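*Asks:* Residue-level listing of the chains:
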Amino acid sequence: MTPDVGVPRKPAPPAPAAAPEAAAPAAEPPSRRPAEPPPDGLTRLRAILLGRERDALRRLEQRLEDPVALAPVVERALTTSVRRDPRPLADALFPVMGPAIRRAISQALAGLMQSLNGALEQSFSLRGLAWRWEALRTGSSYGEVVLRHTLLYRVEQVFLVHRESGLLLAHLTTPSVAAQAPDMVAGMLTAIQDFARDSFQVAQEEMLETMQVGELTVWVEQGSRTLLAAVIRGHAPMELRAELQRTLEEIELEHAPELTRFNGDASVFSRSRPRLETLLLMETRAPAGAGRTPWRIWIILAVALALLLYYGIPALIRQHRWERYLARLRAEPGLVVVHTAREDGRYVVRGLRDPLAGDPAAILQQHRLTEEDAQGQWQPYVALLPGFVLRRAERALAPPPTITLALSGDTLVAAGAAPPAWFDRAGGMAPALSGVGSYVEHRMSPRELPALAPLVAAVEARRVLFASGSATLDSAAIQEAGALAGEIIRLDSAVTRLQLTLGVVFAGSADDVGNEDSNERLRQLRAEAVRERLLPGLPPTLLSGAATLPPDTTAAPDQAARALRRSVRALVSIPDPVAPEPVP
Amino acid sequence: MSTLQKKVCMLGAVGVGKTSLVRRFVESLFSERYQATMGVKIDRKTVPLGATTLNLMLWDLQGEAEHQASRLEYLRGSAGYLVVADATRADTLATAESLAARAAALVPGVPWLLVINKVDLEAESVVTPARLAELQGRGWSVLRTSARTGQGVEETFGELAQRLLETHVPVTEEL
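Protein chains in written order, with my numbering: chain A, -6 to 577; chain Z, 2 to 176.
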């Protein structure tokens, strides 16, 4: 429009619409000039008469051809026109400006929507939370952070297409991308434009601007004679679209003549390749600056370590205790660990338990674990371990303290003193007990019991000796009597422990010297003397008596034997246990 | 050796064999199966002509049906076109004539050929020598082809390519 416009006779304001008509005659003269015939008389005359006017005309022509000289005039004309009435100029420009402005606004809005959608999309995801945290930490707005992360894209292909014919003018790809028949794609790109326009009956300037194919987006920008299409992987920023449009405008400007006369030879458009190459952008999100990475990693590590200490160490301790607990359970007789597991955050042990075995809950407590940490599920069973067989026998037979039960192989041995009724019952029940094959009993009198026999012997071995014809305790006799009392007390406590009663009879004896009457009297007196001497120090439960031993009619072999006969000894009697109340 | 791209459109009534001709020309294949073309299909065939390599971009347009006229907007920017008729159906020849007239108005002065396809079905042919002569009398170039046998296909596209090259006006010298 500019070169031909505005050739007013004066710089006065012409109506803009009148300008084109004025252009034609103004352009004529220069082309006609070279055809003039050589100067003759008439020409010379013309030069003489009209010389000044012709020179003025020529200067005017030169001025008209110089756009710089013309610019002030055109500017003045436009200014005056707008000042007088802006409408004609606005009307003239509207068809050009309107769509462009509309498009610019809609693209800006689309850009806004894109970031808004992105923000909403990411708001509730884990990544979104991470970005919120980043926004908080860096002090930037959440929107900025989202944009920073989502603007990951690569322009993989650029097509410059002749709009009218759909022929490919230029095609560029990023090195790693294999493009398929770009000339056919170019044709389809224009065909699709026509198809979309026809199908949806929109105005001729409208166009299919975006195509989405999987991860790829095709952005198409349309100029007056060309299409510029960019195949983008990822989310490109809206600025890229502006860049596409700018590039397209520049190319159309530069190649305007070739585009007007394009006839299938695309070689001239190789000039535009450097310009198009700048569109093969790639934006990757670098993993943050090198300087910032370390402290971030350290913080993450520190947090991880703190978490490990907080949750991991107690867990390790629990694990250690659990393992020791399991080892203890496995060692415990009567407990059989069948299965261990970790369920819902706590340990579980399943197994068999003999009712006589140790209590797992008590063992758990000993290992400083709670029911929260570990749970036991035990099925009852009968263990045939010797200890358990014996304990079951003791429970079932309820032996008195004077009976000792023992297991020899699978033979149950009951030894000791007990009422006959107990032996009868035991003999009936024992073979029926699990783990007991046969039953053997050793009946004993109480004084034969292993716990008592030595003590009885010790008591009965003592002799409190007297001088010949005397029933008075001398110092040696007193000492011996004290020792005897000690033995009796020891025996009594053992007997009492077995729930029996002890009877002691102090029996006096005499030697064969002197007559029998006095000897009998001596025997009596000696026994009484010892009994009375010891009685206050003996347990009150003790049954005691004094007796005489029948005279020893055999002749004493020597003096020592005769002296031994002048003595008092203690005779022990322990009655059989009385039948206890039957144990249920 | 210079490379030129030329857009060539295939016009004609539904089922005259436009797609089959392109397929025979580009891939040397023929299929008995009929498949209607929706919208447009684009193919390419490279034709070496002397010192020039011609890249024919073949736009195979949806056939013209009674109830729906072809969208001839696709014709814009064509360097040439083929109007195809079916030798066995007289109405397709009428459609071809109408299409030829509309195309000439839309892209005036570009080379084009009238193609009578399916000439292998000689017995059923309705295009009489008289009718042929009449069409040629209008100055039209009429070629006879069979996409099935391949008869005349190479020649037809070759002829069009030749004409495209003849009408090609180099631009660079003018600038």
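No lab work stands behind these hints, which were simulated from the structure alone.
Honestly, I wouldn't trust all of these hints.
Stated by the list, open to error - Simulated restraints on C-beta separations:
# : chain 1 : residue 1 : chain 2 : residue 2 : range
1 : Z       : Gly16     : A       : Glu270    : 30 to 36 Å
2 : Z       : Thr129    : A       : Ser260    : 43 to 49 Å
3 : A       : Asp84     : Z       : Ala105    : 32 to 38 Å
Just so we're clear, the structure is a prediction, and the values are computed from it rather than from any experiment.
The beta-carbon is built from N, C-alpha and C at its ideal position, and this holds for glycine as well.
*Asks:* None of the hints should be skipped; say for each whether it holds.
*Replies:* Hints, verified against the model:
A hinted range of 30 to 36 Å for the beta carbons of Z:Gly16 and A:Glu270 is inconsistent with their spacing of about 46 Å. For Z:Thr129 and A:Ser260, the hinted distance range of 43 to 49 Å is satisfied, since their beta carbons lie about 47 Å from each other. Between A:Asp84 and Z:Ala105 the Cβ separation comes to about 37 Å, which falls inside the hinted range of 32 to 38 Å.
The structure fails hint 1 only (numbered hints given earlier).
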